[in-house]
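We have chain X; now place chains P and U onto it with these hints.
Chains as they are written, first to last, in the numbering used here: chain X, 415 to 752; chain P, 415 to 752; chain U, 415 to 752.
There's no promise every hint is true.
Just so you know, same-sequence chains aren't split out, so a pair can sit in one copy or run between any two.
[Said to hold, decoys possible] The calculated lysine to any residue pairs, modelled on SDA-like cross-linking and capped at a C-alpha distance of 25 Å, are:
#1 747 - 448
#2 747 - 419
#3 747 - 720
#4 747 - 710
#5 747 - 727
#6 485 - 457
#7 456 - 544
#8 666 - 507
#9 747 - 434
#10 586 - 441
#11 666 - 648
#12 485 - 586
#13 456 - 516
#14 666 - 572
#15 485 - 459
#16 747 - 453
#17 747 - 488
#18 666 - 506
Source of the hints: derived by calculation from the structure; they are not laboratory data.
Treat the numbers as computed from the prediction; the structure is a model and nothing was measured.
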Amino acid sequence: MASASWNRRHVLSLADFTAAEFETVMETAVSFWQVLSRRTRKVPALQGLVVTNMFFEPSTRTRSSFELAAKRLSADVLNFAPGTSSLTKGETILDTAKTYLAMGTNLMVIRHQEAGVPGAIAAEMDRLNTGVGVLNGGDGLHAHPSQALLDLFTLGLTLDPEQPTASLLAGKKIALVGDILHSRVARSNLWCLTACGAEVHLAAPPTLLPPGFADAFITQSPIDIPRAIVQHSTLAPALEGADFVMTLRLQKERMAQHLLPSLREYHQGFGVTRDRIQSCQPTVKVLHPGPVNRGVEISSDLMDDPALSLISDQVTSGVAVRMALLYLMGVGKKGTEE
Amino acid sequence: MASASWNRRHVLSLADFTAAEFETVMETAVSFWQVLSRRTRKVPALQGLVVTNMFFEPSTRTRSSFELAAKRLSADVLNFAPGTSSLTKGETILDTAKTYLAMGTNLMVIRHQEAGVPGAIAAEMDRLNTGVGVLNGGDGLHAHPSQALLDLFTLGLTLDPEQPTASLLAGKKIALVGDILHSRVARSNLWCLTACGAEVHLAAPPTLLPPGFADAFITQSPIDIPRAIVQHSTLAPALEGADFVMTLRLQKERMAQHLLPSLREYHQGFGVTRDRIQSCQPTVKVLHPGPVNRGVEISSDLMDDPALSLISDQVTSGVAVRMALLYLMGVGKKGTEE
Amino acid sequence: MASASWNRRHVLSLADFTAAEFETVMETAVSFWQVLSRRTRKVPALQGLVVTNMFFEPSTRTRSSFELAAKRLSADVLNFAPGTSSLTKGETILDTAKTYLAMGTNLMVIRHQEAGVPGAIAAEMDRLNTGVGVLNGGDGLHAHPSQALLDLFTLGLTLDPEQPTASLLAGKKIALVGDILHSRVARSNLWCLTACGAEVHLAAPPTLLPPGFADAFITQSPIDIPRAIVQHSTLAPALEGADFVMTLRLQKERMAQHLLPSLREYHQGFGVTRDRIQSCQPTVKVLHPGPVNRGVEISSDLMDDPALSLISDQVTSGVAVRMALLYLMGVGKKGTEE
Chain X
415 MASASWNRRH
425 VLSLADFTAA
435 EFETVMETAV
445 SFWQVLSRRT
455 RKVPALQGLV
465 VTNMFFEPST
475 RTRSSFELAA
485 KRLSADVLNF
495 APGTSSLTKG
505 ETILDTAKTY
515 LAMGTNLMVI
525 RHQEAGVPGA
535 IAAEMDRLNT
545 GVGVLNGGDG
555 LHAHPSQALL
565 DLFTLGLTLD
575 PEQPTASLLA
585 GKKIALVGDI
595 LHSRVARSNL
605 WCLTACGAEV
615 HLAAPPTLLP
625 PGFADAFITQ
635 SPIDIPRAIV
645 QHSTLAPALE
655 GADFVMTLRL
665 QKERMAQHLL
675 PSLREYHQGF
685 GVTRDRIQSC
695 QPTVKVLHPG
705 PVNRGVEISS
715 DLMDDPALSL
725 ISDQVTSGVA
735 VRMALLYLMG
745 VGKKGTEE
Chain P
415 MASASWNRRH
425 VLSLADFTAA
435 EFETVMETAV
445 SFWQVLSRRT
455 RKVPALQGLV
465 VTNMFFEPST
475 RTRSSFELAA
485 KRLSADVLNF
495 APGTSSLTKG
505 ETILDTAKTY
515 LAMGTNLMVI
525 RHQEAGVPGA
535 IAAEMDRLNT
545 GVGVLNGGDG
555 LHAHPSQALL
565 DLFTLGLTLD
575 PEQPTASLLA
585 GKKIALVGDI
595 LHSRVARSNL
605 WCLTACGAEV
615 HLAAPPTLLP
625 PGFADAFITQ
635 SPIDIPRAIV
645 QHSTLAPALE
655 GADFVMTLRL
665 QKERMAQHLL
675 PSLREYHQGF
685 GVTRDRIQSC
695 QPTVKVLHPG
705 PVNRGVEISS
715 DLMDDPALSL
725 ISDQVTSGVA
735 VRMALLYLMG
745 VGKKGTEE
Chain U
415 MASASWNRRH
425 VLSLADFTAA
435 EFETVMETAV
445 SFWQVLSRRT
455 RKVPALQGLV
465 VTNMFFEPST
475 RTRSSFELAA
485 KRLSADVLNF
495 APGTSSLTKG
505 ETILDTAKTY
515 LAMGTNLMVI
525 RHQEAGVPGA
535 IAAEMDRLNT
545 GVGVLNGGDG
555 LHAHPSQALL
565 DLFTLGLTLD
575 PEQPTASLLA
585 GKKIALVGDI
595 LHSRVARSNL
605 WCLTACGAEV
615 HLAAPPTLLP
625 PGFADAFITQ
635 SPIDIPRAIV
645 QHSTLAPALE
655 GADFVMTLRL
665 QKERMAQHLL
675 PSLREYHQGF
685 GVTRDRIQSC
695 QPTVKVLHPG
705 PVNRGVEISS
715 DLMDDPALSL
725 ISDQVTSGVA
735 VRMALLYLMG
745 VGKKGTEE
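Here chain X stands alone, though its shape is the one from the complex (with noise of 0.2 Å):
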């Protein structure tokens, strides 16, 4: 299997990801996604290895993601609950870390409300020279890795069922509309679109994608590669050609926060219907991460049109993906540890 283009031990965000590391989670993914369809659906890549799953934001859907694509490698897995954890006994975070470190944990996927957490973890287990690789799952607003990747998975395979690349992406017109501002899926998806080669279009009202965004992200590239981010105040122009339309998760809080006036009103002004992709590209697509506000950021009877959503086959590319990112952070291990 393909791991040319990879060095990596950890996955805490896709600022820093090359063309190259993408294209090599594709390859890798593609043939998890062969596996996924056979009869036997288990490798047993990781027999022997141990993937803790540390969910301090709690998730069902993401935690299920990553603990089936573990078993479908045949890692052992331990699932982290926050609610019956030491935690509450006052241990630090790192602590709990180390505890599963040295019960033998292999590989961590650590989902977190506050930004930075998995990255502080990474480096203690660097520091200690561990060699355990640490995924991030979810990090406040920082980075949603898997989550960016998946997405990706699932337009190579739109662009090209038979040999999806990121490459593919080259050119693509993508509308990211929603609560840019604070999303961790938007940021990684803007990592990884752009590096792509897309044009990303983001739409959003001001209080959720305040002037000048776009241009301060692009600032914070830690590599020098153009990236292509422009930014609308209206939900039109940015639809208008587009390949494909990625819808946020709006959450509720924010307007509690005085952020909207009111669901109705988004959905009038930002929410996506069969009726405004009428300006796309004639076989545009929509996503949206999950998990959905009906008729809030999408209408319900385009999320269920199987011609024109994209939602369930995120979720399936979800199994593939993460197994790919779990295999080529953790293939090593077992090979070295003989």
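This is chains P and U only, laid out in the frame that chain X set:
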């Protein structure tokens, strides 16, 4: 393994089960029962398939039984935990089910406090041509088919440990005692036992068994077979000459609803005790689906008497019967998805 | 694999463990310790057996350790979650245990906030001739045998990494510091260390270590062997010349109970620091069962110093020792149930 009379994708209710289908479940369960007593208690029957337990209404007992059954068939198991779920984020139940579908779920076991939810999910799975099978793990007051089938298997094993069949029930008198009106276990048992030819005698106070209940129940039968149900408002005539006494769990909230004067008074009228079952057949056995309120539905010493109580046997039967159901529902999937 | 000196169905306490039994645990743990460092970290020893973790008192750390140990022995694992259990429906603890027994459980790991619960369940399992083994995962202030055994294994590995034995402890001075009165870890360690020939020096303020504690403890010994325990009301004499310093977790509720003036004052009197252990042997090492209140029982820098702290080693030892215990308790079952 025989599956001649099996043509169901879902198991939602036993109302339209034929005698032949009950025999198929029995035959299949017997073979797994034998597996469970061997040194290697696992079979590779469902290797590579994913069984997702979606217990919206929590239940450790039933969930563990399904989990163990699935693991012994070598399936991968995902457990959906409602407390930490996307449901709190506004996702609909159907969308949650579709998410697990998209991850690769082949069989869903669904428990929900409202009647009809497993059926609604099954209908959606069929509408989408998913091939996914839905097993009702208990829904509202509607049905709990795996519980009634494990009761049937327990009765069959008691009547003929060598060759337990559904037809052994023909002509047997079975007393069903307790909160019949509010019991999905009672309803599923009524469909099952009557279809196998048993005569079921109901006994409960009128608040838990309204006049005319039995007649109204029979008229709802979706298939045209004779069903014998006799209704009593006292315990004695139900017990007289009974081959088996099935007690039902009493929810303590029935008193708050003024349906019962007190637990003590209920026990005086309808509690099953060693004394009272003297009027049954000499070979009588007592059942309870658990968890038991000791000294309410059944006296503590009777419950613990292995010569008279089948309560532990019911739990053991549960694993074999659930293996049989998952096998019958799942085996086709495995064969055809190459 | 040696199991010459092993004749126990249950492990409930270490009070009556002989030196030979401690050696058997050590030998068995060593072999699993070696398994854990190999590429294939699993052994088929308990394939087909069911290990049920019943943690009435929640604990992610200990439960994960047992879960991983059972999985690495290829057992199927059921986790009982008290929050969603039948206990809230009025079922007794014994009935819950019997339900898991009837499902096919072979080994139960039981943690409960009240002393004696694992013993009561074990007695019931024996009364019913079930053959099921019960491992006490911590009960009230009574015992936590697997913790003390993993501490023993950690000490043995430190004294002789090639051939760790219990007999290496003979004549060693071990300081046991902290809330001894309220600690099941302390009690299990006292039985274990003294039986192996170590001299244990207790140090704590009188509210956490009443005068006469050591003498009273020794008189409870169920077996007639010499046990050396010395009691101090200050830290210095316990540390002087010590080979190992075992610190205990301080529950913060002790202050609410007016047993402690403040955490700061406790640390001033009994916190173990780099300075204070200067009076110990030059090879001294420090232990803590976790989770640690940093800067209370032990200073943060000392805890993190791999040259002085064995805290991570204890966690790693835990998996090997729990594999050993489950193996010793379970291996007979597998052989005889054909």
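Hint check:
Taking identical chains as interchangeable, the C-alpha atoms of residue 747 and residue 448 lie at most 25 Å apart whether they share a chain (24 Å) or sit on different chains (17 Å). In the homo-oligomer, the alpha carbons of residue 747 and residue 419 lie at most 25 Å apart inside one protomer (17 Å), although the nearest pairing across protomers, at 38 Å, exceeds that limit. Taking the closest pair of Cα atoms, residue 747 and residue 720 come within 25 Å of each other only across two copies (23 Å); inside a single copy the shortest separation is 40 Å, beyond that limit. For a Cα distance limit of 25 Å, the shortest separation of residue 747 from residue 710 qualifies neither inside one copy, at 45 Å, nor across copies, at 37 Å.
In this homomeric assembly, residue 747 and residue 727 come within 25 Å of each other (Cα to Cα) only across copies, at 20 Å, whereas the closest approach inside a single copy is 31 Å. Both within a single protomer and between protomers do residue 485 and residue 457 lie at most 25 Å apart by alpha-carbon distance, with minima of 9 Å and 18 Å respectively. With identical chains, the CA atoms of residue 456 and residue 544 are at most 25 Å apart between copies only, with a shortest distance of 21 Å across copies and 28 Å within one. Within a single copy, residue 666 and residue 507 get their C-alpha atoms only as close as 28 Å, which misses the 25 Å cut-off; across copies the closest is 19 Å, which meets it.
In this homomeric assembly, residue 747 and residue 434 come within 25 Å of each other (Cα to Cα) only inside a single copy, at 22 Å, whereas the closest approach across copies is 38 Å. For the homomeric pair residue 586 and residue 441, the shortest alpha-carbon distance inside one copy (20 Å) is at most 25 Å, but the shortest distance between copies (58 Å) is not. Proximity of residue 666 and residue 648 under a CA criterion of 25 Å is satisfied intra-copy only: 21 Å inside one chain copy versus 55 Å between copies. For the identical chains of this complex, residue 485 and residue 586 are neighbours neither inside a copy (35 Å) nor across copies (45 Å), given an alpha-carbon limit of 25 Å.
For the identical chains of this complex, residue 456 and residue 516 are inter-copy neighbours only, at 17 Å across copies versus 27 Å inside a copy, given an alpha-carbon limit of 25 Å. Proximity of residue 666 and residue 572 under a CA criterion of 25 Å is satisfied in neither setting, with 31 Å inside one chain copy and 55 Å between copies. Taking the shortest Cα distances, residue 485 and residue 459 sit within 25 Å of each other both inside one copy (10 Å) and across copies (17 Å). Only between protomers do residue 747 and residue 453 lie at most 25 Å apart by alpha-carbon distance; the minimum there is 9 Å, versus 28 Å within a single protomer.
In this assembly of identical chains, residue 747 and residue 488 lie within 25 Å of each other by CA distance both inside one copy and across copies; the values are 14 Å within and 22 Å between. In this assembly of identical chains, the alpha carbons of residue 666 and residue 506 lie at most 25 Å apart only when taken from different copies (15 Å versus 30 Å within one copy).
Checked against the numbered hints above, the structure breaks hints 4, 12, 14 and satisfies the rest.
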